[in-house]
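With the hints as extra help, turn the sequences into a complete structure.
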Amino acid sequence: MLRSVGKSLWLLLFAVVLVCGIYPGILWGIGQTLWPFQVNGSILKGPDGKAVGSLLIAQPFTKDEYFWPRPSAASYDGTASSSSALAVSNYALRYRVAQAIGPIAAYAAGPKQGQLVAPDIETWFQADKFGGKPGIVAQWADAHNSIAQTWVTGDPTHTAYVAAWAKAHPQIVAEFVKANPATPHPQPSDLAVVFFEHFSKDHPGMFPSSVTHKGPNGKDVTEIMPVKSGSDIQANFFDMWRQDHPDVALQNVPGDYVTTSGSGLDPDITLANAEFQLDRVAGKWAQDLKRDPKQVKQEIGGLLKQYAFSPGSGWFGAPIVNVLQVNLALRNRYGAPS
Amino acid sequence: MWTLPILLLAVTILISIPLSRYFAWIMEGRYHAPRVLAWFEERLNSGQQDWKQYTIALLVFNTMLFIFGFIVLCLQPIAPLNPLGRGILAPSTIFNTVISFMTNTNLQHYSGDQHLSNFSQIFFILPNMFLSASVGFCALTAIIRAFRGERTLGNYFVDMWRVVVYIYLPAALIIGVIFMHEGMPMTYASEQTVTTLEPASMGVDDHGQAKPQNIIVGPVAAVIPIKMLGTNGGGFYGMNAAVPLENPTGLSNFVTTFAMMIFPFTLVLMYGRMLRRIRHSVVIYSVMLTMMVGLIAWAVYWDSMRPNPAFTGTALARDYQLTSPGGGKRDITVPAVASLPVDQRLGNLEGKELRFGTSAGAVFSAITTDVTCGAVNAEHDSLNPISSLSAFTGMWLNCVFGGKGVGMINFLLFLIIGVFLAGQMVGRSPEYLGRKVEAREMKLAVIALLVHPLLILGPSGLYAATSWGVGAESNPAAHGFSQIVYQYSSSSANNGSAFDGLGVTYGLNSNPNPPAEAVPLDIGTGLVMLFSRYLPIVAPIAMAFYLGRKKVAPASLGTMRDNTATFGFLMLGTILVIGALLFLPVAALGPLAEHFGPIPFGG
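Taken in sequence, the protein lines are chains A and B.
Numbering-wise (the numbering used here), the first sequence opens with residue 1 and increments by one.
Numbering-wise (the numbering used here), the second sequence opens with residue 1 and increments by one.
Quick caveat, the hints were computed from the structure, so don't treat them as lab data.
Errors might be hidden in some of the hints.
[Unchecked claim] Stretch-level coverage of chain A by chain B, calculated; a stretch enters the list once three of its residues show a Cβ under 8 Å from a Cβ in chain B: (1) 1-9; (2) 27-34; (3) 38-48; (4) 91-103; (5) 237-246; (6) 268-279; (7) 322-328.
Here a beta-carbon is modelled for each residue, glycine too, at the ideal position from N, C-alpha and C.
Here's what the structure looks like:
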């Protein structure tokens, strides 16, 4: 026994020297000598010579002039990789994807082929009937409590709006407490469903959304108000609109355009996704540079082809492009977006 | 689609054949060490050990490793190589993590990129990965020597030294060089800071300045080779091999997957070589390979060739009549669902990375659970539920090649049960390697075999029924249950992968609002890992010893031959029947219920 303890300590000591000192030291020496770019994080330099990002880590792009990466469950935080961990059966997954598609969905056939669905979603929403029953917002909150709660907690201005509403309607809150004795002091998130039910009654065909307008002193003021149209409605109610219109043919969006990756930091998109975004990107650059859109589209399309590569030299999968690499090329060719 | 798995299997099989010869040569001690290395080996050699001494040495060493790991993790706040000032982990998380790495499980209730300093990565993770991976290897070697009828089983410390120095280190160096070339960081720095190409796309701070993007780097290329070769699986980054800096390209993913398969494959052949029963080990190899091919094909078909059912529609409403316990009947209508316009030709892309190839996530999910590695390159929580059954099955059977050494040992347990059943069927007393299998061996085999299902089903039930687990579920209904079952399957199989949504991460001790379930889950899974590691190592060594000291009966006409296809089918049948009996009910409540049930469910 004691002998084993002694030998164990020797083994531990030898192993620590070997695998904590010598082994990583050898790799470090080889790597820093032969491939300094790779072993320090594949950092790319921008037009001004400053580090603009890692070739291997996705970073957010929001301007229309740039290709957008896949959505990220990690908010593109390079210090905290994360997946959505949403199960197939979790409504939050379907809802997130529907939200992303709503504002950009387009008809695939029929008289409106190629046009956006968004205006029709708004018209349908203002009529305020889902499945033949009135009160879209109330039905939305009833069917998906957790989504309604996420709306309340997801943004401090939303929480404040519901809190203010609760203050103004003590009677409704009292009724809620009576029906739910387990929550004697309901928080705004507890009241989410009740709030939306009443909102739906008070403002049929409307949804609370943040609006910026000129205040009394001439400054911009942003506040939550009931609205009849806008991207919030297109996004939040696309899935319900779809349920009311199941047979309408819509253009598919690429799968990776709406799904989050395993790490939240996937630096690539499929070539199909890039081509899906090409009209937007080329159109915006053409506008910025006052050039012929067709020509710009051809140029950028060529750029995509040039940068596209396939996993395992095409043996393992479909062609992809590195978003930062392509956007850096755009930036170098066309200058800073306006 | 199929190129990746076929190529992977072909390359691994090809390389495992010559490599097994090398392994046997090393473990038999037929090499001549350079004088320096020989000095170390001599220093460690405490002489020949019988099975009890060998087992005690193994357990004592693991105790030392536990103490060492505990101290190193506690030192994190005051140790060097910690420029980001990481504090100490929560005590329950330290307990869980130390056991997890000591038992080769690498279940991670923390996130490497958020909670560990480079000091901990080097001085905690690295030695644990090398040493814990060698323990199973040595145990198998001891069992082989016992089966050969040797009185003494060699010396544990010398065996450990051989495995680390002559097998793991050279392999890790080669693979590490490939990884660095592909883009894996290898630096003692902790962080790179960049200004984004689109100004302020990461948002602005309180002073109106654009936020930079910070990127964690470190000695990744040192950790990852042994993480895969040792079937450890504990990632440098939180999301493991899905993170681009931990798995930069399609080629690195191929090598990563290969690296976790190669040693478990090789060890089966080494078993045959050292026993001089190559054909017998080829039969075992084929049985394992058959199961693995099936599990990979299942995962790829249901995940990479099928859409994510969250976005597809069901055209018709479905009506169900439920009978409640009181006797009343209730009608439930699951409404029709319209599809969302998503192009799903590439299969289920939620939680997948693109640069590995179309089927890479599914292939990896099957292999990592088969060989009990536990690395992931995709989010298992978001796999199509029926596809995740492949991952569950790999962990439940725990012998589809399995971890290095341990997988082969688990297979031997099934084998003993198999020959016993066959003996009962033909009315002969069962024997293995020409030696009679009697009550004592059967008892030891069954104890070791039952530890695994008991430690999965018991705690899963407990945690799924109480507040220890329920609140940690992040997904609804059947899938929430699957999350808990997965956590315990992974712990008990010493696998280490997870359905990551489960709220287990306490993180640093300074975390102001940890999830309430983190501590019970830390302790529960920690204990399961501990018991399911050492019992199934110790009992089989004893079993092998008792079997090995018996007289070898000469083969006769009535002897069941262990090197034929018939024997292979017998084994396959035994494993599948026992596996199904143990785990089919829990599969029906988890992944199968989710697959057949309404999607989406609630919300």
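Okay, the hints, checked on the actual structure:
no., hint, in the structure
1, 1-9, "holds (count 7)"
2, 27-34, "holds (count 6)"
3, 38-48, "holds (count 7)"
4, 91-103, "holds (count 8)"
5, 237-246, "holds (count 5)"
6, 268-279, "holds (count 4)"
7, 322-328, "holds (count 3)"
Violated hints are absent here; each numbered hint is respected by the structure.
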